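**Q** These are the residues of each chain, in order.
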Amino acid sequence: MDGSQILTTVLFLAVVAITVGITFWASRQTKTAADYYAGGRGFSGFQNGLAIGGDYMSAASFLGISGAIALSGYDGFLYSIGFLVAWLVALLLVAEVLRNSGRYTMADQLAYRMKQRPVRMAAATSTVVVSIFYLLAQMVGAGALVALLLGVEDQAVKNIVILFVGALMIFYVTVGGMKGTTWVQIVKAVLLMTGSALIVILVLAQFGFNLSELLGSAADASGKGDAFLQPGLKYGLSFTSEMDFVSLGLALVLGTAGLPHILIRFYTVPTSADARKSVLWAIGLIGVFYLFTLVLGFGAAALVDPATLDKAGNLAAPLLAQEVGGGEGSVGGAVLLALISAVAFATILAVVAGLTLTSSVSVAHDIYNSVIKHGKASEKDELKVSRWAAAGIGLIAILLAIPAQSLNIAFLVALAFAVAASANLPAIIYNMFWKRFNTRGAVWSIYGGLISCVGLVFFSPVVSGKVDPATGDSLSLFPAGIDFSWFPLENPGIISIPLGFFLGWLGTVTSKEPETAERYIELEVRALTGAGSEKAITH
Amino acid sequence: MSDEAHDQAHRHDPVYDRLHATAEFRALRSAYRKFVFPATVAFLAWYLLYVFCSNWAEDFMNYKLFGNINVALVFGLLQFVTTFGIAYLYANYSTKNLDPLARKLDEEYEIEKRQL
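Listed in order, the protein sequences are those of chains U and H. So the first sequence is residues 1 to 539, counted in the working numbering. So the second sequence is residues 1 to 116, counted in the working numbering.
Isolated chain U (complex conformation) (with noise of 0.2 Å):
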């Protein structure tokens, strides 16, 4: 190792320290079920939405999309609208809403008037695979992050890695609960927005505060000229890859809303006007974090090597770090590269953290306490349950994290966008605004939308088919002369959000189920007014 892989691993090691520290902190804390998992509802706003922010900003959003710019320049910019727009759709249509009528899942918003066992057992299946999806990005991330930056390209490391991020995150969640999850993330959104900021602020200094004239060096360098900085260089080859890219588009936006590790963080403030708080300063710092990413991206474009790049463009904000602060080589170089490398893992522990405890949650509270117990067992042994369910839900993430490893981290973070918009959010919105909504569309509408997202990726180039035309070697999961694929977008949202939309519907009108409707009285007054909502627990 040298110096700046001994920092960097030092930095990495306080990291660690810190939210070791944190959830054992947090553990005294936790003594009940809604401290179990909501942090007691007693985070304020401001926090939540600093934990919101910490729960979002994921190594996809840090390290994806500096990298897709640095790449394919403007049209990695895409990807950081839709993702900051679709928090209108949670603030205006979801967060508040939640708030007031459920506990702590999504599942509990829709079984709030609906038969609870299959409505449940649907919401549950729908987030434990979302939240699996995106676990599996954060993973890959992981092990190909730190693989780099000690310079070793072992598979062996890599899997190591994986394990080790895997052991963390149980670790976090069982001892820790919301209480700890939800401080780990504050401090890495903390670390992250101030980590970035410096790296930007050092960039623009270069170029003398002159956007323009980062935007011209970047086109420069890239070697693609006026094209770099115009939408078209990765979307606009055909017309199949524009379609991906409405497809793509639909699901950024649509998503969010529907994300079952940001819903539940909803039920960690008092009231809903602080979950509506929470957003306003969730939709502030992520902004903000997407402005800093234009910089990053179009910065490593300007100034790092491109044939570095090229090799590792999921490493250009690290990469840029290190140049602005001297380059390779230098003290200021070796320095920044190891802090934003930290801050990148730090990123990275906080999301897994977060969606393991989701995923746990809705197992224990949902399947094991209403669909296998019928409402009976009691709260010791629901927590019980949880954390089982997270170590469980941990080591399944480790065992298909290794073979993964081939994946396309935008990829998975996307396809668990599209799985989000197109089983969650229809029956979260069907169920808020349409009185007549019952069981049988709330269930056609998740697991519809789930099999559809998941069914037509799986025949897609993504899977199967698509091969490099020059060396003939294989782009897709399956080795090239393996070819089953006939849908021909890599992104299913165009066609799995209507159809969410569509099974609903048609669910609900060829079901005569009367309670629901009666039910919606007590639901809408609940969710407007905050009447009979969970209050928050004091010590």
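The set of hints was computed from the structure by calculation and includes no laboratory data. Please read all numbers here as calculations on a predicted model, not as lab measurements. None of the hints are false.
When the alpha-carbon atoms are kept at most 25 Å apart in a straight line, the in silico DMTMM-like pairs for lysine to aspartate or glutamate are as follows:
hint: 1; chain 1: U; residue 1: 277; chain 2: H; residue 2: 107
hint: 2; chain 1: U; residue 1: 435; chain 2: H; residue 2: 99
hint: 3; chain 1: U; residue 1: 435; chain 2: H; residue 2: 13
hint: 4; chain 1: U; residue 1: 224; chain 2: H; residue 2: 58
hint: 5; chain 1: U; residue 1: 234; chain 2: H; residue 2: 58
hint: 6; chain 1: U; residue 1: 535; chain 2: H; residue 2: 112
hint: 7; chain 1: U; residue 1: 376; chain 2: H; residue 2: 13
hint: 8; chain 1: U; residue 1: 512; chain 2: H; residue 2: 17
hint: 9; chain 1: U; residue 1: 277; chain 2: H; residue 2: 110
hint: 10; chain 1: U; residue 1: 535; chain 2: H; residue 2: 13
hint: 11; chain 1: U; residue 1: 535; chain 2: H; residue 2: 110
hint: 12; chain 1: H; residue 1: 64; chain 2: U; residue 2: 242
hint: 13; chain 1: U; residue 1: 435; chain 2: H; residue 2: 24
hint: 14; chain 1: U; residue 1: 535; chain 2: H; residue 2: 99
hint: 15; chain 1: U; residue 1: 277; chain 2: H; residue 2: 99
hint: 16; chain 1: U; residue 1: 224; chain 2: H; residue 2: 59
hint: 17; chain 1: H; residue 1: 104; chain 2: U; residue 2: 534
hint: 18; chain 1: U; residue 1: 535; chain 2: H; residue 2: 17
hint: 19; chain 1: U; residue 1: 277; chain 2: H; residue 2: 24
hint: 20; chain 1: H; residue 1: 64; chain 2: U; residue 2: 213
Given chain U, work out where chain H should sit, using these hints.
**A** Frame of chain U, contents of chain H only:
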């Protein structure tokens, strides 16, 4: 709680029916919908317009306004501005028009509950 009661949500509470019938609740619901429905349609249309222009309006998006700043970049940054703007407007609107009504109804609920 019997299995059956658990299987279908049956926690019907008459206080909610009374609140639902009040003029305040109707005012709250219509004030909420009056803002969020048009706002949702507007920002989704504005976002989709951006997505379509990125695909199919090359000349427009590639037009350089000054230096290396083209329409595509400004259009993208305007999406940030409108997102911040709508969030800000909704925050003000709900503090002024929704929260007082919601608080009043919530208090009525608490009072009625205590009397039961």
